Amino acid sequence: MVGGTILGLLLALGRVYGNRAIYAFSTGYIELFRGTPMLVQMLFIYFGLPEIGVMLTPVIAASVALGMNTAAYQAEYFRGAIQSTKAGQMTAARSLGMSKAQAICYIILPQALRIVIPQWSNESILLLKYSSIAFAIGVPELMARAQMIGYSTFRFFDAFLIAAFIYLVLTTVLAQLLDMLAEKVRIPGQEGR
Amino acid sequence: MALTLVIEDIHKAYGNLEVLKGISFGMQKGDTKVVIGPSGTGKSTLLRCINRLSPPDKGQVWLEGEEITHSKSNINQLRAKIGFVFQDFNLFSHLTALKNVSIAPMKVMRMKKKEAAKLAMEELERVGLGDKADAYPAQLSGGQQQRVSIARALAMSPKLILFDEPTSALDPELIGEVLEVMINLAKDGMTMLVVSHEMGFARSVADEVIFMEQGVIVEQGPPQQLFASPKQPRTREFLHKITELYGEEREKGN
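Going down the list, the sequences are from chains A and B.
Residue numbers for the first sequence follow this note's numbering, beginning at 59 and rising by one.
Residue numbers for the second sequence follow this note's numbering, beginning at 2 and rising by one.
It should be emphasised that the hints constitute simulated quantities derived from the structure, not laboratory data.
Remember, predicted model here, so these are calculated numbers, not experimental data.
Backbone N, C-alpha and C fix where the C-beta goes; we use that ideal spot for every residue, glycine too.
Don't take each hint at face value.
[Unchecked claim] In the DSSO-like style, the derived pairs of lysine-lysine whose C-alpha atoms are separated by at most 27 Å in a straight line are:
#	chain 1	residue 1	chain 2	residue 2
1	B	Lys242	A	Lys158
2	A	Lys158	B	Lys188
3	B	Lys188	A	Lys144
4	B	Lys160	B	Lys188
5	B	Lys160	A	Lys242
6	A	Lys242	B	Lys108
7	B	Lys115	B	Lys82
8	B	Lys82	A	Lys144
[Said to hold, decoys possible] To give an idea of the chain A side of the interface with chain B (calculated C-beta under 7 Å), a few residues:
#	residue
9	Gly86
10	Ser142
11	Met156
12	Leu167
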């Protein structure tokens with residue numbers, strides 16, 4: 059998730075501020091990862107890459123796939139947020155002598171990141187749930203554990219019910235935390251943003 | 002005496018539309034010049050060309066002998082010496098009034114946080130907003146926001162401040178407080194180039210009024226002369242319209 063956020067942010071900056079080559083790369087990346095199923099991406103990274111000499115453990119392969127996938131989605135959220143900050147903010151920062159990088163860092167991103175929190179909250183919940191497909195390449199995550207317990211006790215109903223419940227608790231807690239974050243960084247005087 | 006600002010033969014076109022067709026003038030230290038003219042004649046573009054927010058197509062701009070328009074000039078360093086006050090304030094919405102003023106000294110001039118905060122407080126007090134230091138832009142009135150933005154420009158100790166219609170986005174009852182700050186600045190010897198139709202302001206502090214139309218300077222001169230006996234018929238016509246619009250009272254006030 060963290061890797062995905064950083065990569066997503068870089069991709070978004072590339073699409074908004076980058077030159078033509080960077081823009082093309084970012085756009086291509088985003089289209090590729092949004093346009094193909096995550097399961098295919100994960101299987102490709104785990105089973106496909108070893109053929110060209112890249113061997114990854116299941117956990118790493120799953121993290122890379124999840125990270126690269128979420129990056130593509132987050133990039134679009136970030137881009138939307140960056141573009142929804144007023145153009146005058148950048149102009150004002152530049153007029154004070156800030157470089158473009160300084161303006162992005164101190165003026166644009168602090169505003170854009172606040173705007174992106176609700177979507178970010180959505181995406182992290184999705185990602186948390188999608189971690190269950192790492193099951194397909196044998197990562198001992200929650201789903202896999204539930205199945206194992208199911209097989210050993212023959213109580214599949216209980217095992218998956220508990221797994222679902224744990225997902226629910228995790229996503230609820232995550233959503234709450236992000237809501238609290240949004241409230242904490244809310245800009246006074248700007249209601250309902 | 003060396004000029005603070007020299008503008009020579011500035012041209013600027015947007016596509017096929019030629020907005021500026023060769024503008025030249027100079028400003029001495031402490032000068033206040035007011036640019037008037039119908040909308041769409043390139044007044045704002047002229048200001049943006051001066052600090053290269055929109056790079057001019059042709060012509061040169063010098064600030065204290067340094068050429069801003071030179072391709073190798075350090076534009077960030079030069080911009081830091083030129084304040085810019087926008088029509089719609091453009092305060093940084095996520096920062097308090099104090100931080101709005103202190104951020105550029107900190108990030109551009111590498112001033113220490115404490116020092117920058119002290120400076121910012123002084124500048125806010127100078128525009129009469131010391132008590133609003135912790136307020137966010139959305140909690141301030143338009144007039145207060147514009148005063149904060151003037152303080153933000155002042156904190157960089159600029160050689161020149163450009164004002165782009167600083168009062169035209171304000172409710173009428175808030176214009177006075179902003180003009181008062183500007184008048185005090187002019188009297189303190191700040192070099193100011195102001196695009197504005199506030200005749201009262203022009204009359205009381207401008208050294209020169211520049212009437213621009215369709216990308217050229219039609220006429221310029223001291224306000225008393227230009228307002229009382231404009232030489233060009235176009236200037237006369239324009240002044241007549243403005244006076245009708247704003248009313249004699251506002252003109253005499255201030």
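Comparing the hints with the structure gives:
| no. | hint | result |
| --- | --- | --- |
| 1 | B/Lys242 with A/Lys158 | violated, 42 Å |
| 2 | A/Lys158 with B/Lys188 | violated, 34 Å |
| 3 | B/Lys188 with A/Lys144 | violated, 34 Å |
| 4 | B/Lys160 with B/Lys188 | holds, 15 Å |
| 5 | B/Lys160 with A/Lys242 | violated, 39 Å |
| 6 | A/Lys242 with B/Lys108 | holds, 25 Å |
| 7 | B/Lys115 with B/Lys82 | holds, 22 Å |
| 8 | B/Lys82 with A/Lys144 | holds, 24 Å |
| 9 | Gly86 | violated, 30 Å |
| 10 | Ser142 | violated, 12 Å |
| 11 | Met156 | holds, 6 Å |
| 12 | Leu167 | violated, 10 Å |
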